[in-house]
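**Q** Each protein sequence line maps, in turn, to chains X and E.
Residues 1 to 203, numbered by our numbering, are exactly what the first sequence covers, in order.
Residues 1001 to 1203, numbered by our numbering, are exactly what the second sequence covers, in order.
Each hint should be verified, as a subset may be incorrect.
[Said to hold, decoys possible] Here are the simulated lysine to aspartate or glutamate pairs, EDC-like style, with alpha carbons at most 20 Å apart:
#: 1; chain 1: X; residue 1: K31; chain 2: E; residue 2: D1189
#: 2; chain 1: X; residue 1: K31; chain 2: E; residue 2: E1143
#: 3; chain 1: X; residue 1: K130; chain 2: X; residue 2: E96
#: 4; chain 1: E; residue 1: K1031; chain 2: X; residue 2: E117
#: 5; chain 1: E; residue 1: K1031; chain 2: X; residue 2: D112
#: 6; chain 1: E; residue 1: K1130; chain 2: E; residue 2: D1112
#: 7; chain 1: X; residue 1: K31; chain 2: X; residue 2: D5
#: 8; chain 1: E; residue 1: K1020; chain 2: E; residue 2: E1035
Hints are computed from structural coordinates only; laboratory data are not their basis.
There are 2 protein chains.
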Amino acid sequence: MSVIDDLAAEFAKLPGIGRKTALRLTYHLLKQSPEQSRQLAGALEALVARVRRCSVCNNLTEQDPCALCADPRRDHTVLCVVEDASDIGAIERAGEFRGLYHVLGGRLSPLDGVGPEDLAVQSLVDRVSKGAGAGGSEGAIREVILATNPSMEGEATALYVQRQLAGHVPTVSRIARGIPVGGDLEYADGVTIAQAISARREM
Amino acid sequence: MSVIDDLAAEFAKLPGIGRKTALRLTYHLLKQSPEQSRQLAGALEALVARVRRCSVCNNLTEQDPCALCADPRRDHTVLCVVEDASDIGAIERAGEFRGLYHVLGGRLSPLDGVGPEDLAVQSLVDRVSKGAGAGGSEGAIREVILATNPSMEGEATALYVQRQLAGHVPTVSRIARGIPVGGDLEYADGVTIAQAISARREM
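Work out the full structure: start from the sequences and follow the hints.
**A** Dropping the structure here:
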């Protein structure tokens, strides 16, 4: 194996990158200045060396507690529970939520061997029981929003987490499912349309 | 900028990788063992440190002359001229050609500022004039196959190279253009169909 094949093989391990794309990326880097390859290599090594889990919310971070948990301007009485740290970025970009997060680190999926003990559910219950935020000095949590994906596993996970939280927090809510904004009824699947109708609101 | 954003920004510099895909790749690596990120970083650094140009054929290689030029079982009297080193892999996988290569390092493209002096044409003429292979010990080259892409620039490049080679080699040929194997006349463009018809062969 040459170093060209080595690098292509490493690229091909990434999701959505096949053998041909991996080779194309490798040849692209060979055409660029060596600096670009070094920067990519350096960013990879910095990632491995510096990213860890926030001890409060389980988010991926370089500082502990993470920037979100440490931010006094955020609402420390509302938690949004997500499957993965990458979901936080999507919700932050939407700009609607100003509370804190809790990252489960996956979803219940018996077929993949992921059970309740593999998710950060107990730490969520502990956190809710003793108050939110770093050190729990911010007082009681009044709402937990379950923002797991609206898939079969995500729904099962939300249901499981809701049961674990029963009695520990006044309100447990679930993000709304319906027709996406800008979407088209004609192209929506039946289950989504049924959800959109049953969750209709008076205008 | 966090190291997560840094790595995503580096990924997003690669062709065909947008901002969302770059983030997905980064989070994928965070879920994997650190070893995978380190292997990718190591492969990148090995690429920069060890890959250079073959002094005979201009191919990308770790040894000079490259493995192809140094292989005595290949036919050193036929040269296949390609635009980029990545084209060699495609031709080798096809398994039809057993001669040697010559990499031009691009194609004539006045709009991109690529002129004849930017391509390895003179080294091709020198190589053909004094015999093929490493050191030229294998005797005269009897055929040069022009395998630049059948695009406007590729055709112009082939024409230019053919003129430079005139008188130096008995045969200069061009790869066939036509309907791709497994392709469908219905979906082929008019120029390709015209080529396929004018280059028809008796059965």
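**Q** I'd like to know which numbered hints this structure contradicts. Please list them from smallest to largest.
**A** Per hint list: 1, 2, 3, 6 and 8 violated.
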